[in-house]
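These protein sequence lines map, in sequence, to chains L and P.
Sequential numbering of the first sequence, starting at 1, is according to full-length UniProt numbering.
Sequential numbering of the second sequence, starting at 1, is according to full-length UniProt numbering.
It should be emphasised that the hints constitute simulated quantities derived from the structure, not laboratory data.
The reader is advised that the hints may include incorrect statements.
The list makes no distinction among identical chains, and a pair is therefore deemed to hold if it is satisfied within one copy or across any two copies.
27 Å max Cα-Cα, derived DSSO-like pairs, lysine-lysine [to be verified]:
(1) Lys57 / Lys230
(2) Lys310 / Lys298
(3) Lys310 / Lys348
(4) Lys298 / Lys227
(5) Lys352 / Lys112
(6) Lys111 / Lys370
(7) Lys348 / Lys370
2 protein chains.
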Amino acid sequence: MYNFEYYNPVKIMFGQGTIGHLPALLTNRNKILFAYGSGSIKSNGIYEQIKQALAHKQVIEFQGIEPNPEYETLLKAVELCKKNNIDFILAVGGGSVIDGCKFIANAVKFKKNDPWLILEGSESDSALPIGCVLTLPATGTEMNPFAVISRRSLGQKKDFTSAHSFPQFSIIDPTVTYSLSERYIINGIIDPFVHVTEQYLTFDVNSPLQNRQSEAILITLIEESAKVFKDPNNYDVRANLTWCATQALNGLIGKGVPQDWATHAIGHELTALYGLDHAQTLAIVLPALLKNQFENKKQRLAHYSKAVFKLNYATEGKLAKAGIDKTEKFFRSLGCKTRLNEYGIPKKDIKKIATKVLETSAGKKLGEKKSIGQEEVVEILELSYSNNS
Amino acid sequence: MYNFEYYNPVKIMFGQGTIGHLPALLTNRNKILFAYGSGSIKSNGIYEQIKQALAHKQVIEFQGIEPNPEYETLLKAVELCKKNNIDFILAVGGGSVIDGCKFIANAVKFKKNDPWLILEGSESDSALPIGCVLTLPATGTEMNPFAVISRRSLGQKKDFTSAHSFPQFSIIDPTVTYSLSERYIINGIIDPFVHVTEQYLTFDVNSPLQNRQSEAILITLIEESAKVFKDPNNYDVRANLTWCATQALNGLIGKGVPQDWATHAIGHELTALYGLDHAQTLAIVLPALLKNQFENKKQRLAHYSKAVFKLNYATEGKLAKAGIDKTEKFFRSLGCKTRLNEYGIPKKDIKKIATKVLETSAGKKLGEKKSIGQEEVVEILELSYSNNS
C-alpha cells in the first residue's frame, strides 16, 4: 500500500426530508447566493423548499448554470457575489451546478487578475464557503474538493481542485431523484461506476481493503440499477444508488492505491468537442481503454471479473477479457451507447481528439503507468468504433 | 436505509515515515502537552522522533496514561494544562492514551465544577485541539469523536462523545506496530472485528453498500491476521490491519443502519470489575450474545456466514449457527480465550455483572432491538461459560 493523506470534512445530511435541516445549517450566514441550473427545481418542489428555508436571509438568486458549467456564465455569478458582498453560496443541483459554485467560490477570492488561471493550476488563496443540495447523484462532487469547468470559446474542459473547495455540508435527499429522466438516471449509474474503476482497475499494491470497498460499490451499482427502472419509486433503491455515487468519489477508495483517470481525460475532450454527456463519454472510452491497456491491467481485470461478475475461467487472460466484455454489456443493458460511431462522430476526427487530450495534459502521458500517450489515445478511440473490438 | 448525518474531519497521515509530518501539522501551536502511556515509546524510537519534531516548541510532557485510562490520572493532566496554558494536546499511544487525551481536552474547557459530568452525559462546551500519533491500532479512536474512561474507585468504565473530540489529525505509521507484543496484535484484530459486527450483525434495512463495506473489513481482518504472525515484518500486512482498524470505527459503515453495541456494554463491565483487556471481553461476550439473540439476528447471521466465511448450508438457521461457531473459532485461532471461566471468573458473579451493566445503561435495555435487559445479560454470561454452548 502507498502512503496517503486522507481528509474530508464535508458534513453529509442524508435521507428523506433532509432539506429541512437547511435553516440550522445556515445559522450565521447572512447574504447567500442561491445558485441553480436551468430551473427544473421549480417544477419538482425543491425551489419552494429552498426559498422557504431561506425566508429570513438576504438571498440573491443565480439561475442558469448549464450542464458542463460554462466559464463565461460563472464569471457573471462571480461579479454578482462581489457586488453584493455574498458570504455563502448555496448550490442546488447536480454535478454541474456544484462544480460551477466551487469555481465561483474560489474565483471571488482569487487575487490574480485572470480567474482562468485557477483552471491552469494556479492555487487559489481562499474561497467563499459553499453548501449543497444535491438533486442529481452522479459525480460525487457533493463530498469532494474537485470541479470540472468548460470554456466553449476555447473548446476546453478542465478540472481543478483546491483545499478550499470542500462543501461545508451537502444535503442528499434520495426522493428528489424520483423526478429524474431516464437519461440522468443512467448517467448517475455509469459516472460513479467509472469513478470506481479509475481507482480500482489498475495494478496491485496489496491493498485488499480498498479493493473490496471498490467492489462493494460496483456490485451495489449493478444490483440496484437492475431495480431502478422496474421500481422507480422504491426509496431504498434510490438511496443505495445515491450513496454509492457519493462514495465512489469521496476520496476513500483511492487512498493508498494507484489511480488511472485516463478515461476521464479522454471523455472530457469528447464532451468539449461534441457536447456528449460526461457519462456517455465514459461508457465509450472505458471498454476501449481496458482493451488497449490490457497487459497493464490484466491481473486486476481478472480479479474484477471474479469479484464483481462472479465469473470463473481457467486463465487470467480469459477472465480479464470477459471482465471487459461484461463492463460494456452492463453499460448497454442500461440503454447507454458504448461506441463512438453511435453518436455520429466521424473516424477522421480521431487524431484531432487525441491531440486535444495531450494538449490538455500538457503533453504528459496518462494512466496509472503513464503508458497512454497520443498514439495510445488514437488506438483507444479506434477501438471504440463498432467492429473494432 | 435510515436517514443519517455523517461528518468526520480528521486528517489522516498514513504510512511509513509519516511522523515526519508532525512539525508541519503543528505550525501555529505553541504550548503543547505531549501525553503518552507507560513509556514504551522510549524503547521503540518513537519518543525520540516526537521530541525531535517538537524541538522548537514549548512542550510539557505527561507520562503515565494507563490502559483503560483512569479518571484520577487524567485530572492531573487537566491541572497541568490549565497551569501551563497549553494550547494543543499531542496524544502518542494507543486507544487508551488517545481516549484519555480526548477527555483531558474537554475537561480543560469544561465550565461546570465536576468534570465527571462529561461522562454522565453533560455536553462539553469546547475542547483543546488534539492531534494523535497512533502506536497501537485497535479502537479506531484516532478517527472518531468517542472515548472510554475508567474510574476505578467507583468500579466504572464509561464512554462519551463530543463534537469537539475529533482529533485534528492522526498520524498512522504501520511500522510502529512491528514492536507490539502478540497480545496487543491479537487485541488489535478482535477489537475492530467486533466494532464491525456491532454495526453489521443486526437486522436488514436494505443497505447493501454498508453491508459490503462491513464485510470488506471483516474478510480483510481474517485474511491478514492469518499472515501477521507468520510474517511479522511484512509492511503491507501491518498496513492493511491498521487501516481496517481505523475504518472499523470511523463512523462510515454504521451510517443509515441499526447498531447494537451490547457486546461492548457488557465487555466494559468485565474490564471494570476484573481488569480484562477490552478485546478479551469482546471475544467472550460476542459469541454468547449472538446465541442469545439468535432469532433477532438470524437473517443477518446467515448472510454473514455466506459473505464472510463462504459457508453454504440449506437453511438459514444452520447458516446462522455456523456463523457464530466460525466467529468463536476465529477468535480462538488467534490465541484468544472466549469463555468467562478461562479467566477464572466465578459463575456466582454473573448476577452482579448483569446488575452493573444495567446500572451503567441507566436501566435501558441494550441491543439494536432493545431486547437485552438484565435477564438476557445473565443468560449471555451463562452462555459464555464452557459447556454452555
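Okay, the hints, checked on the actual structure:
1. In this assembly of identical chains, Lys57 and Lys230 lie within 27 Å of each other by CA distance neither inside one copy nor across copies; the values are 42 Å within and 63 Å between.
2. Both within a single protomer and between protomers do Lys310 and Lys298 lie at most 27 Å apart by alpha-carbon distance, with minima of 16 Å and 26 Å respectively.
3. For the identical chains of this complex, Lys310 and Lys348 are neighbours neither inside a copy (39 Å) nor across copies (52 Å), given an alpha-carbon limit of 27 Å.
4. For the identical chains of this complex, Lys298 and Lys227 are inter-copy neighbours only, at 26 Å across copies versus 31 Å inside a copy, given an alpha-carbon limit of 27 Å.
5. In this assembly of identical chains, the alpha carbons of Lys352 and Lys112 never lie at most 27 Å apart, being 33 Å within a copy and 70 Å across copies at closest.
6. Taking CA atoms no more than 27 Å apart as the test, Lys111 paired with Lys370 passes in neither setting, with 34 Å inside one copy and 57 Å between copies.
7. Proximity of Lys348 to Lys370 under the C-alpha cut-off of 27 Å is restricted to the intra-copy arrangement: shortest distance 26 Å within a copy versus 67 Å between copies.
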